[in-house]
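Engineer: If you want the building blocks of each chain, they are given just below.
There are 2 protein chains.
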Amino acid sequence: MQNLRVVLASRPQGPAAVENFRLESAPMPVPREGEALVRNLWLTLDPYMRGRMSDAKSYVAGVGLGEVMVGQTVGEVLESRDPGLHPGDKVVTSLGWQLHGVDRAAALERIEPGGVPLSYYLGVLGMPGYTAYFGLKDVGQPKPGETVVVSAASGAVGSIVGQLAKIWGCRVVGIAGGKAKCDYVVNELGFDACVDYKAGNLYRDLKAACPDGVDVNFENVAGIVLDTLLRLMNRNSRIVLCGLVSDYSATEPYGYKMIRSVLINRITLRGIIVFDWHARYGEALHALSGYLKEGRIRYRESVLDGLDQAPRGLVELLAGGNFGKQLVRLA
Amino acid sequence: MQNLRVVLASRPQGPAAVENFRLESAPMPVPREGEALVRNLWLTLDPYMRGRMSDAKSYVAGVGLGEVMVGQTVGEVLESRDPGLHPGDKVVTSLGWQLHGVDRAAALERIEPGGVPLSYYLGVLGMPGYTAYFGLKDVGQPKPGETVVVSAASGAVGSIVGQLAKIWGCRVVGIAGGKAKCDYVVNELGFDACVDYKAGNLYRDLKAACPDGVDVNFENVAGIVLDTLLRLMNRNSRIVLCGLVSDYSATEPYGYKMIRSVLINRITLRGIIVFDWHARYGEALHALSGYLKEGRIRYRESVLDGLDQAPRGLVELLAGGNFGKQLVRLA
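Line by line, the protein sequences give chains A and B. Residues 1 to 331 in this note's numbering are what the first sequence lists, from first letter to last. Residues 332 to 662 in this note's numbering are what the second sequence lists, from first letter to last.
Think of the hints as simulated: they come from the structure by calculation, not from any bench. Every value quoted in this text rests on a predicted model; they were computed, and no experiment measured them. Be aware that a few hints might be false.
Result set (DSSO-like, lysine-lysine): computed pairs, CA atoms no more than 27 angstroms apart in a straight line [claimed, not checked]:
id, chain 1, residue 1, chain 2, residue 2
1, A, Lys207, A, Lys143
2, A, Lys257, A, Lys198
3, B, Lys497, B, Lys624
4, A, Lys166, A, Lys198
5, B, Lys624, A, Lys257
6, A, Lys90, A, Lys257
7, B, Lys468, A, Lys137
8, A, Lys166, A, Lys257
9, B, Lys510, B, Lys497
10, A, Lys257, B, Lys529
11, A, Lys257, A, Lys293
12, A, Lys293, A, Lys166
13, A, Lys207, A, Lys137
14, B, Lys510, B, Lys538
15, A, Lys166, A, Lys137
16, B, Lys529, B, Lys497
17, B, Lys474, B, Lys624
18, A, Lys143, B, Lys468
19, A, Lys198, B, Lys588
20, B, Lys588, A, Lys207
21, B, Lys474, B, Lys538
22, B, Lys474, A, Lys137
23, A, Lys257, B, Lys588
24, B, Lys497, B, Lys468
Build the full structure now, drawing on both the sequences and the hints.
Structural biologist: As structure tokens, this is what we get:
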């Protein structure tokens with residue numbers, strides 16, 4: 001029996017393309033002492049993956065040419081050579097874009113899905129959910145009545161940020177591309193308003209949607225969106241810099257003109273990575289599970305079928321083409 | 332007897348010029364109930380004044396055309412119609428660029444100069460000192476052994492920031508323009524190193540001076556200096572954005588290309604204004620007075636004689652021509 005995997009075939013200049021990837025078969029991996037063999041069931045696609053396709057310095061090194069693309073999966077243990085894992089256990093893994101993989105048991109996080117779909121552990125109950133929870137709570141520090149603006153509002157992180165901000169008593173304004181996404185953000189997710197950045201009047205529309213200015217910006221897109229928001233931020237406001245989607249595919253970095261506002265308005269701008277809260281993941285899981293069960297958080301997935309669809313899925317995700325958490329069903 | 336004052340005659344496009352000011356005489360002001368008449372002895376010149384010459388939004392409104400230029404002074408009470416002040420009292424004022432002025436007694440801060448020159452209350456024991464103290468301590472949060480980089484290192488704020496960072500156990504690197512200033516920063520102020528931004532190799536020279544990267548940047552200049560420092564900031568580092576001297580006189584705002592580093596390195600970038608620590612000025616005064624008396628802080632002043640010299644003094648200050656705290660002796 002062979003394994004199937006997607007490797008990085010070439011590095012993109014500018015936007016990623018499906019040609020940057022290659023689907024190939026490989027020998028089935030075999031676990032050694034302390035390791036387990038996992039069959040992947042779900043793969044999550046996320047904007048940060050564009051960064052790993054480059055060899056520029058980032059949090060961690062990029063993916064090497066010919067190497068399996070990185071990514072989280074949910075899978076099932078097929079064979080274990082560690083006493084802590086047993087066949088049939090469900091685990092969250094970092095095995096990447098492949099149908100099977102082997103890792104140390106310590107790197108496989110066993111989950112106890114209590115009536116929740118397995119795929120949720122790659123979204124609202126996984127990294128995107130934790131990112132939203134800690135970034136908003138610890139760095140955004142929203143107070144009841146404040147205005148919170150979230151970009152990529154229909155995305156995996158943004159949709160949860162906005163709903164948490166509503167639960168915590170804020171006025172919430174999303175930014176998304178196109179009327180369909182904006183309607184979804186307001187009508188299904190319950191944001192107070194959503195600005196369509198593709199409509200061409202970002203500053204005017206944001207100003208109208210935020211009559212009291214902006215107290216917290218949870219920023220997933222950056223570039224012109226962040227630069228425009230800097231003109232609307234209130235005194236002592238906070239910007240949670242979580243992503244630079246607009247930058248990942250650009251050949252030239254954006255030149256921010258409104259940094260002056262950081263000084264004038266005593267803004268705190270802070271970059272976040274969810275790993276820094278690793279010791280507190282349990283707190284986020286508990287809170288988010290509770291809100292889900294109470295029906296206070298709505299969560300939408302966008303599912304592609306088959307590993308061979310992953311390259312197209314990532315390319316479209318980076319181009320802003322998806323709704324909700326982008327997943328690939330592998331089995 | 333007439334008063335003498337400097338008013339804003341026109342708004343600069345680009346760098347400020349002496350022609351933007353006008354020296355004029357005016358009737359001597361007369362205090363009403365609750366007010367006092369002050370004879371100004373010292374006027375301080377500071378980079379923020381460039382901002383007040385514009386009508387763009389800033390912390391506060393700009394100076395109106397024909398109005399007295401804003402600024403702090405130290406003066407002596409000549410006549411008081413408030414029981415809290417008496418002739419001969421020394422006060423820190425916001426009376427601006429004039430020889431005499433009237434203000435509410437509550438707006439005049441009485442000082443008790445204990446063997447310290449009066450002018451120090453406009454520098455190391457005034458706003459610049461407090462800015463350095465709170466910005467570095469509360470926002471920079473330097474830890475012993477960390478590397479602190481200070482731009483405009485020979486200036487009123489920068490020179491104190493660097494010396495405080497040394498007292499608090501850090502490696503301190505200054506940035507200044509020209510060899511004379513850099514020598515002063517290292518040899519007289521005791522910084523570990525100083526990089527001459529005019530030498531044309533800012534990134535390379537900073538990298539050499541900061542072999543372990545940068546943990547705290549106390550930023551007075553911004554523009555290309557800040558953008559370059561963003562390439563050298565360590566993970567979880569802090570940037571105290573205190574001034575934008577490079578921006579004050581620019582006709583086009585600088586376009587920052589390295590904001591990506593804020594995300595990758597989880598940098599906290601925060602704008603500060605000393606007014607926000609008003610309730611804790613006493614703490615800074617106590618600490619700075621102590622360090623001065625112990626000889627642990629060296630402090631240099633640059634003095635011009637006569638109110639008519641103030642416009643030239645500000646223009647040269649903004650062009651980076653001064654050493655230490657720029658003052659104008661008025662009497």
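Engineer: Evaluate each hint against the coordinates.
Structural biologist: Hints, verified against the model:
1. A threshold of 27 angstroms between alpha carbons decides the hint, and for Lys207 (chain A) with Lys143 (chain A) the separation of about 20 angstroms falls inside it, so the pair holds.
2. A distance of roughly 21 angstroms separates the Cα atoms of Lys257 (chain A) and Lys198 (chain A); the hinted pair therefore holds under the 27 angstroms criterion.
3. Restraint check: the Cα-Cα separation between Lys497 (chain B) and Lys624 (chain B) comes to about 17 angstroms, which is no more than 27 angstroms; the hinted pair holds.
4. A distance of roughly 25 angstroms separates the Cα atoms of Lys166 (chain A) and Lys198 (chain A); the hinted pair therefore holds under the 27 angstroms criterion.
5. Restraint check for Lys624 (chain B) and Lys257 (chain A): not satisfied, since their Cα atoms lie roughly 43 angstroms apart, outside the 27 angstroms limit.
6. Distance restraint check for Lys90 (chain A) and Lys257 (chain A): the Cα-Cα separation of roughly 48 angstroms exceeds the 27 angstroms cut-off, and the hinted pair is therefore not satisfied.
7. This hinted pair checks out: Lys468 (chain B) and Lys137 (chain A) have alpha carbons roughly 24 angstroms apart, not beyond 27 angstroms.
8. With a C-alpha separation of about 31 angstroms, the suggested pair Lys166 (chain A) and Lys257 (chain A) falls outside the 27 angstroms cut-off, and the hint is violated.
9. This hinted pair checks out: Lys510 (chain B) and Lys497 (chain B) have alpha carbons roughly 21 angstroms apart, not beyond 27 angstroms.
10. For the proposed pair Lys257 (chain A) and Lys529 (chain B), the alpha carbon gap of about 23 angstroms is at most 27 angstroms, so the pair holds.
11. About 44 angstroms separates the Cα atoms of Lys257 (chain A) and Lys293 (chain A), which puts this hinted pair outside 27 angstroms; it is violated.
12. Under the criterion of a C-alpha separation no larger than 27 angstroms, the hint pairing Lys293 (chain A) with Lys166 (chain A) is consistent with the structure, at around 17 angstroms.
13. Distance restraint check for Lys207 (chain A) and Lys137 (chain A): the Cα-Cα separation of roughly 24 angstroms lies within the 27 angstroms cut-off, and the hinted pair is therefore satisfied.
14. Taking the CA atoms of Lys510 (chain B) and Lys538 (chain B), the gap is about 18 angstroms. The hint holds against a cut of 27 angstroms.
15. A distance of roughly 12 angstroms separates the Cα atoms of Lys166 (chain A) and Lys137 (chain A); the hinted pair therefore holds under the 27 angstroms criterion.
16. Using a Cα cut-off of 27 angstroms, the hinted pair Lys529 (chain B) and Lys497 (chain B) holds, with the two alpha carbons roughly 25 angstroms apart.
17. Annotation: proposed proximity of Lys474 (chain B) to Lys624 (chain B) holds, straight-line Cα distance about 24 angstroms (limit 27 angstroms).
18. For the proposed pair Lys143 (chain A) and Lys468 (chain B), the alpha carbon gap of about 26 angstroms is at most 27 angstroms, so the pair holds.
19. Between the alpha carbons of Lys198 (chain A) and Lys588 (chain B) the distance comes to roughly 23 angstroms, so the proposed pair stays at or under 27 angstroms and holds.
20. Restraint check: the Cα-Cα separation between Lys588 (chain B) and Lys207 (chain A) comes to about 25 angstroms, which is no more than 27 angstroms; the hinted pair holds.
21. Between Lys474 (chain B) and Lys538 (chain B) the alpha-carbon distance is near 20 angstroms, which keeps this suggested pair within the 27 angstroms criterion.
22. Proposed proximity of Lys474 (chain B) and Lys137 (chain A) is supported: the alpha carbons are some 26 angstroms apart, at most 27 angstroms.
23. Taking the CA atoms of Lys257 (chain A) and Lys588 (chain B), the gap is about 10 angstroms. The hint holds against a cut of 27 angstroms.
24. Between Lys497 (chain B) and Lys468 (chain B) the CA atoms are separated by roughly 12 angstroms; this keeps the pair inside 27 angstroms, and the hint holds.
When each numbered hint is compared with the structure, violations occur for hints 5, 6, 8 and 11.
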